[in-house]
Amino acid sequence: MKTAELIDRLAANPAPVRSAANTLGFGVASGALVSFAMMVIWLGFRPDLADAAGTWGYWLKFFYPLALAAIALRSAARLARPGTSGRAGWEFLPLVFVAAAAAAQWMNTPDAQHWHLLMGKSSSACPWRIVALSLPLLLGTFWAMRRLAPTRPVLAGAAAGVFAGAAGAWIYAFACTETSAVFLAVWYTAGIALTGLLGALLGRWALRW
Amino acid sequence: MQDGGEARLKEWMLASLAGDGAAYRMLLSALTRHLRAYYARRLTHKADAEDLVQETLIAIHTKRASYDPALPFTAWLHAIARYKLIDHFRKAGVRRTLPLEDAASVMADGDSEAAEAARDVEQLLAKLPENRRALIRHVKLDGLSTAEAAAKTGLTESAVKVGVHRSLRKLAQIVRGRP
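Protein chains in written order, with our numbering: chain Y, 1 to 209; chain F, 1 to 179.
Bear in mind the hints are in silico, worked out from the structure with no lab data behind them. Since this is a predicted model, take the numbers as computed values, not measurements. Careful: at least some of the hints might be erroneous.
Pair by pair, the computed Cβ-Cβ distance ranges are [claimed, not checked]:
1) F:A70 x Y:A29: 36 to 44 Å
2) F:D142 x Y:A4: 17 to 25 Å
3) F:A70 x Y:L93: 21 to 29 Å
4) Y:L201 x F:L124: 52 to 60 Å
5) Y:L95 x F:A70: 51 to 59 Å
Glycine is no exception: its CB is placed at the ideal position from the N, C-alpha and C atoms.
Here chain Y stands alone, though its shape is the one from the complex (with noise of 0.2 Å):
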């Protein structure tokens, strides 16, 4: 085909059909909504989260994933629009904030009981529980970039990979009865950042366009 006729051809649609925060949007939603899901279904809230809720530990919980999964996201977004860098800014607050505080409460507790802030009851299960939870949000937020144009396919997919990973963490909390930052600091950060590794290896083939 000429390229004055290609022209001709694309010229007649100018108007995107949907914004790139729209499609974003959307798969971000669809796959917190099926994670969130799949959370109640599979493993149910904790039977004591009313009680949590009046606790630091539930707290730091709470936030320190979302905070890392607004910031992942933000840099995916950005990463997922040609001509931007992914840098976020922030990137490495939370995760300076919770080891702190996972430092204070281990040399605030005897030695006797480093072992079970260290391990809990869940450790074994917990990271891949958090990739599990996270993959619906990891399959929305590929959907969306590859609707949109990421140019750094791995980049954005390790971005695309940290966001789901935080936000299922941050579902997976509802359901998570461990109570430690030190089991926060090393086995929630584990399971985000599987994923996050996760969505780079995927990144590389599926972000391709």
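Starting from the known structure of chain Y, arrange chain F on it as the hints suggest.
Structure of chain F alone, referenced to chain Y:
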């Protein structure tokens, strides 16, 4: 290219996103010229360059929602052009490193001498008084007849002739380096 290119292309892009087909056609035509030069300079096969131009135009079209109006249009354009170029090398199995270049480079490639010349003419015209500039534009650039230009500007035909003549002489002086 100077800021004028960015401003004009961005204006067209925003109008296109709002549904203006005419602006979109102008935008795509202008981008075709830039892209043709951009790829021609970086590819050995002429046919590949034209394929890539078309592929990039399609990408620009299908990904147009990904343009953020808060950001420079040329940066968006350049990132897509570069992505398609790298993609082309990857598919062709060519290992090549691209030098880092800024967004200006896709704009820096005028399609031809004509693009450069057009720019020079604009700069020259800017040195003329407003009414004279309009005359030159009507008669010498848009190709109106003296009568048509007279009707458009409200001057008599002879005034148009004299105005054009004096403007050209003035421009010639500027080109020769005297004010």
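Starting from the hint 52 to 60 Å, judge whether the C-beta atoms of L201 (chain Y) and L124 (chain F) obey it.
holds (56 Å)
Verdict for D142 (chain F), A4 (chain Y) (Cβ pair) under range 17 to 25 Å:
holds (22 Å)
Does the Cβ-Cβ separation between A70 (chain F) and A29 (chain Y) fall within 36 to 44 Å?
violated (23 Å)
Does the Cβ-Cβ separation between L95 (chain Y) and A70 (chain F) fall within 51 to 59 Å?
Once the Cβ atoms are compared, 29 Å apart, the range 51 to 59 Å for A70 (chain F) and L95 (chain Y) is violated.
Please test the hint of 21 to 29 Å on the beta carbon pair from A70 (chain F) and L93 (chain Y).
Taking Cβ atoms as reference, A70 (chain F) and L93 (chain Y) lie about 24 Å apart, which means the hint holds.
Checked against the numbered hints above, the structure breaks hints 1, 5 and satisfies the rest.
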